[in-house]
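Peer 1: Listed below, chain by chain, are the residues.
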Amino acid sequence: MSSISDVLEKSIIFNSLEDTDLQRIAPMFEKWELHTGDILTTAGNTAQYFFILGKGTLLLAMKDGRSVVLDAPGDFVAMELLSDRGMYKTTITALEDGMAFVIPRKVFLDFIQEDTPGAAAIMQAWQGFLDQVAAFAKQIEVINVPTIF
Amino acid sequence: MYGLEAINANNGWATSVVGITIVFSGLVVLSLVISQLYKALDLYENPQKIRDWFSRAKRSDKFLETEVPLFVLTEEQKEIIKQFALLVRTLEDHFSLPRLFELAQISGVKNFHSNLNILLKSAIIFPDKEGFFCWDQDMYIKTISNRNSLKKMEDNRK
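Protein sequence lines, in the order shown, are assigned to chains A and B. In terms of the numbering used here, the first sequence has 66 at position 66, counting the first letter as 1, and numbering is strictly consecutive. In terms of the numbering used here, the second sequence has 1102 at position 102, counting the first letter as 1, and numbering is strictly consecutive.
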């Protein structure tokens, strides 16, 4: 699974998008190689990117001692899991070699703020994904306010 | 023949009881259907939820598959995992994984990233769904036992 198209197809966040939306969003991602021990983000730094996992295992360490381990291709690290008001709140460490695709935070937030079925589908799938992997990270009061991230 | 006499003579009481029962049961069923209708409408409006159920089931299957370690540990890895076991003893039952990570780093545990990954893949360390992690002692013993590893090695050779 080395192409962004394959990963988006596998991702429960993006696999409900129409082909036109997929073709629009796919070029916004950039491929990053991951090596064991790489630190992708550091809590407290300015949030620049969101990540979709292609291969490997990521440890997401949050400020309060909680953490999430993601290892499924298509897992998306963004919003509640990663940032708060433009700052990273999570430190991501690669636990093994792999690969991820990154999208600039602002580009993604602009995309999901569009009044389109694609944006709505992503937000809805995101809530389902959070329920599965990190229900504790959900911020009920700020749902549908993407700029908060 | 009229009135109560006629009702008695033609099983009127029994017929009315059966009628009332049928109507009442129908109303109960109807009210139950209406009370649950919002769930069906929600699924109709949000088909993503149905897909999520299936993907969740797949994820659970995957977790169960990974519960049994599928790889053979080297003696060095076993020693490192024993070091992790000692570190976990200093933590609470539901511990912070980043804290364990930090302790491993401070203690100079060798290759702690990849060995922590082994602990997660082999389900010796598993998430409690609240952002903390637990240590499965049975799985730990099973994984580091020599006989078990030798058996796996033989199986792999076959």
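Accuracy of the hints is not assured; some may be wrong.
Not the full set, but computed from the structure, chain B residues with beta-carbon under 10 Å of chain A [what the hints assert, rightly or not]:
id, residue
1, Ala1014
2, Ser1031
3, His1113
4, Lys1129
5, Glu1130
6, Gly1131
7, Phe1132
These are computed hints drawn from the structure, not numbers from a lab. Remember, it's a predicted structure, so these values are computed and weren't measured experimentally. A virtual CB, placed ideally from N, CA and C, is assigned to each residue, including glycine.
Peer 1: Now, for every hint given, state plainly whether the structure supports it.
Peer 2: The hints, checked one at a time:
no., hint, in the structure
1, Ala1014, "violated (54 Å)"
2, Ser1031, "violated (30 Å)"
3, His1113, "holds (5 Å)"
4, Lys1129, "holds (7 Å)"
5, Glu1130, "holds (5 Å)"
6, Gly1131, "holds (3 Å)"
7, Phe1132, "holds (6 Å)"
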